[in-house]
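*Asks:* Top line first, the protein sequences correspond to chains S, P, U and H.
Following my numbering from start to finish, the first sequence increments by one per residue and tops out at 121.
Following my numbering from start to finish, the second sequence increments by one per residue and tops out at 215.
Following my numbering from start to finish, the third sequence increments by one per residue and tops out at 195.
Following my numbering from start to finish, the fourth sequence increments by one per residue and tops out at 431.
Calculated directly from the structure, the hints in this document are not laboratory data.
We put the CB at the ideal spot given by N, CA and C, even for glycine.
Below, computed lysine-lysine pairings styled on DSSO-like, alpha-carbon distance capped at 27 angstroms: (1) S/38 x U/95; (2) U/95 x U/151; (3) S/38 x P/203; (4) S/59 x S/114; (5) H/122 x H/351; (6) H/269 x H/122; (7) U/95 x U/148; (8) U/149 x U/95; (9) H/122 x P/158; (10) H/336 x H/320; (11) U/149 x S/38; (12) H/351 x H/336.
Only part of the chain U face toward chain S is listed, based on derived beta-carbon distances under 8 angstroms: (13) 20; (14) 63; (15) 64; (16) 65; (17) 83; (18) 86; (19) 87; (20) 89; (21) 90; (22) 93; (23) 94; (24) 161; (25) 163; (26) 165.
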Amino acid sequence: MLQSYIPVLLVVAFVVANAILMLGLSHFLSSTRPTAVKLAPYESGMPVLGDARERFSVKFYLVAMLFIIFDVETVFMLPWAAAFHQVPEFRGPLLAEMLVFVVILGVGYVYIWKRGALQWD
Amino acid sequence: MTASAGSGTVAAAPSPSVAALTARFGPAIRRHEVSVGDTIVYVAPDRAHEVLAWLRDDPGQRFDYLTDVTAVEYRDRERPLEVVWQLRALGRGADLRVKVELDPGRPLEVDSVYDLWRGADWLEREVYDMFGVRFRGHPDLRRILMWETYREGHPLRKDFPLRGHFSRAEQTRQALAANPEAHYSIQELSIAAAYDELPGDMKERLSRGERGDVA
Amino acid sequence: MTEVSAVSPNWLTTRLDFLTNWARANSLWPMPFGTACCAIEFMATAASRFDLARFGMERMSFSPRQADVLICAGRLPFKLAPVIRKIWDQMPQPKWAISMGACASSGGIFDTYTMVQGIDTIIPVDVYVPGCPPRPEGLMYGIMLLQKKIKGESFRDADLRQEHLVGPDGLFLPAERIDEVSEPFGNSVQQTRSA
Amino acid sequence: MSTRTLEVSLATPGLDPSGRPVAVPLGVPLPEYHVPQDDLGGEHMLINIGPQHPATHGVLRLVIELDGETVVRVVPHIGYLHSGFEKLGEYRHYNQIIPLTDRTDYLSPMANNVGFALAAEKLMGIEVTERCQVLRVIACEISRIISHLVWLGTTGIDLGAFTPFLWCFYQRERLYNLQEAWTGARLTTSMTRVGGLMADIPDGFETGLREFCRTFPKTLDEVDAMFTRNAIWCGRTQGVGVISAAEAVNYSLSGPMLRASGVDYDVRKDRPYLGYQSYDFDVPIGEHGDIYDRYRCRLEEMYQSVRILDQALDRLARLKGAPINVDDPRTILPPKHRAMSDMEAMIFHFKQVMEGVRAPVGEAYLGIENPKGELGYYLVSDGTAKPVRWRIRPPSFINLACLPKLCEGVLLSDVIAINASVDIVMGEIDR
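Just chain S, with the same shape it has in the complex (with noise of 0.2 angstroms):
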């Protein structure tokens, strides 16, 4: 039964001693120098005023919360469509289950639509 597990390992083993190889020398070749003016931002050459942490209109936050709901939805599409092919007896409740999903979305689509959530300015 272990053999079956062997190939797993030996890619599992060769990915870790990788990472440590590489991580491993070049911090421990690697010259590090670290000055004042070396952390300091880098902004065109110029001396930075005041820092990047500004105050930012809330509507960049909302279309970032929106796109997460959207790209989710579609991250559960990927896997049903892989295993849509491999039971073909299911496909009748497998579409009806996807439209479920995909409706319960829609409403939630459209309320924030006429919510204004979508207007930019």
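Knowing the structure of chain S, use the given hints to seat chains P, U and H on it.
*Replies:* This is chains P, U and H only, laid out in the frame that chain S set:
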């Protein structure tokens, strides 16, 4: 060994604008001459802005294109420093050079033509940076080519040596040590600021009003 | 953890030197500090005819964080001196500098009030490429010289990768050294009579 | 949120009693429509697209005040390449200034040399031979194509299209071969002299140029096919960075920037020099004054330049063997065999090298149609061999001055596109 064919002031006819100008302004137009085909009009410094506004707006003249604003300083001391406006009428295709002689006694000042031509904004800032001629009424007169706290004076003046007053080491030190507000105008400092994010040392320099003498 | 450079030269360190130098020399990511005419010649060198990709250098890094070699292509006025100084300080070790063109190397024809007479008074320079502007082949010869220099480096000399910052007196070189280096030489001495 | 006032002049460091720097006006009044709402609005952010940046075409520095993604105001800072050209010119003879001219606008060096030579000849009242005029026209048009090719390539990169950069630079290398064969240098040509040229064209030059004129439009057609009806290109450039004709004249713009706004003004047509009135070419005029029209104007100008080059080459064939220098030994160096043979030519040769050409007292301004706009040289002479004042009328400097006006209220990525469309070269802006 003068170039044989050329002779300085060719006796070409001055442009018709000269007659119109002398008719309109009389004593303000000091004199005019023609050099190699270009007409030059010398105007009294305090009425220069008025003459230029008339030249731009008068339907007969319509000098609507300001080609260049510059200044000339001669090698012999008694000739005064001149500010030169190079005008062009796009419709009529005529050129005119208006000059103003600033007497060396009083501080070098002349009226800005920024309200007549927007293009004069940077040209006048460069003349201020290079010659030290202040333009009254210019919205934002500060150095444009050298950094703002440049202390060696105005480079294109004849008394300014080619390599600068200070030694190369001093010039390097001043350049490397130019503190941050030398690279930012007051306008940008007030934006970045909300005033508390500025680094501490710059804030107290600014509050002492010591922004480096802009002269 | 003792620095590798403290270890005495043996078979292992020389192989290590060879490996790292070979990797560094053949994948130099240039920081094109292009100011004037030499920048146009530098673009022509990077374009399709005199291809820089043959040296593994087609990846221009415009931020100092990933740059290996700072190529100052063009003249450097005093207003730009603090910029090149800050960019050089912000580049991680190991880093090298190529001064491309006569104006960057010695002020060139601009012996004037506003021109740095050679960027080596501001930052340490490894290779000077003469020419105004240097032909693309000239710049590539400079790059090959730099590669030869990198291949000759070793971990053992400890002061190779040190950071030489601007001193307390605000200068990178001592003041008299800068004055001596910036003195007009050759033809430039007679050409400053105004009339 | 500090409000902007228009009265305070900046001469004295503007600090109000509480020690805060009082915001002082800038060339551009804050646009009224942009009233920052306090409920959702965040603070304005100040970023530097600084001297060391791939998109600034040289060492230009743009300080941008951002409200989220939209630009409230752009403040260009220049002077990072100020090399004291005009000061250096006052210490040089007229023929020694010519090497300085091709280092100002290093994208079209031959056009600068021709412009300075024409201004000096106008000051000294010299008329050059016809073959020299035709050769100078060829030099100007080659410089125009080279400058527009660099502009097209780098603007393509700014907006994300890399391949036209390689096409354009390959064609430019072909022109560089011709330029190097004629003048000996790829970039710093210094080819003209007051009263003539440094050297006549080598033998293979005319066939090489004919070959170039025949095959170059094919590359232009490819770039045209790639950009002109490209949805991304049109989306990024149409209606962006618009300036009307009246404002363009008021801002003293020149060259493709002016003609893209619909002002029909080209120095080659309105103030012909070098016999341009006898060439048959037309000048592209835009209507909307946005980036797309500037692109169309410059692209069309390259087609017209090829037309001019063809006509100039036909004339050159007719003027085989004609002299290129004015035959006055006082102005231009006599040919070597004469300088070595008769005494007078040798004396003139010696005096010219030691003292340079002495110009009469007076002043002259002459503008030529440079690829960037109207490049003018204003020479003031007091009778000695070194000018009192050598003023360059820099087209890119004045065109760039209207950048704050063009960039009000656009998005940050449009600022890069507008800056690329102004076609600036820092050597000429900072002089």
